Amino acid sequence: MDQKKFIIFSKTIFFCWLLFVFLVSIYPGNLIKLVLTGDPSTYPGGDKVSHFLTYFILGLFFYLSFKNDSSFKIIAIFLIFFSLLMEIIHLGIPNRFYENFDLLMNFLGLILGIYISRIYRLFSRS
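For the sequence shown, this note's numbering gives the first residue as 369, with consecutive numbering after it.
Hints may be right or wrong, so weigh each one.
List time: in silico BS3-like cross-link candidates among lysine-lysine, alpha-carbon distance up to 27 Å [what the hints assert, rightly or not]:
{"id": "1", "residue 1": "K441", "residue 2": "K373"}
{"id": "2", "residue 1": "K435", "residue 2": "K372"}
{"id": "3", "residue 1": "K372", "residue 2": "K441"}
{"id": "4", "residue 1": "K379", "residue 2": "K441"}
{"id": "5", "residue 1": "K416", "residue 2": "K373"}
{"id": "6", "residue 1": "K435", "residue 2": "K379"}
Pairwise CB distance ranges (calculated) [what the hints assert, rightly or not]:
{"id": "7", "residue 1": "L490", "residue 2": "I461", "range": "38 to 44 Å"}
{"id": "8", "residue 1": "Y488", "residue 2": "Y466", "range": "29 to 35 Å"}
{"id": "9", "residue 1": "E467", "residue 2": "F377", "range": "43 to 49 Å"}
{"id": "10", "residue 1": "L480", "residue 2": "F449", "range": "14 to 20 Å"}
{"id": "11", "residue 1": "I394", "residue 2": "M369", "range": "22 to 28 Å"}
{"id": "12", "residue 1": "E467", "residue 2": "K373", "range": "35 to 41 Å"}
{"id": "13", "residue 1": "R493", "residue 2": "I394", "range": "36 to 42 Å"}
{"id": "14", "residue 1": "F390", "residue 2": "L480", "range": "32 to 38 Å"}
What the hints contain is simulated information worked out from the structure, not anything from laboratory work. Since the structure is predicted, the reported quantities are computational estimates derived from the model, not experimental observations. Built from N, CA and C at the ideal position, the CB exists for glycine as well.
Generate coordinates for the entire structure from the input sequences, incorporating the hints supplied.
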C-alpha cells in the first residue's frame, strides 16, 4: 500500500474509532458488557484497562494519520479535551461515573499509543 492510501486508511480508522469512543462513552451503562453478557451495569473502578486500550488505539491511529499534518498539535489538544469531556459527560449519564483514574488511563493510553506508533515507524524505516 502506498503512503497516500495508507494515510487515507489510517484517517478512516481514526475517525471511525473516535466515533465509536464517543458512542460507547455516552451510553448509559457498559455497552461492551451489554453486548458480551447482556448486563449493561457498571461499577466505579472496574474499567481501567478498557479506558487505557480504547485511547491507546486512538493514539496509534492518530499518530499514523496526522504525524506529518500541520494540524497535529491542534488535534492532539482536541483529543486531550475530548477525553476530559467524555469523563465529565459521565456525570449526567445514568450508570456512568466520572473518575480521575479513568481520565489518567485515557491520557496514558493516548500518549503510549502515540509513542509506540512513533517507535514502530522509526524502526520500520531501517
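- Item | Earlier hints that do not hold, by number | 5, 9, 11, 14
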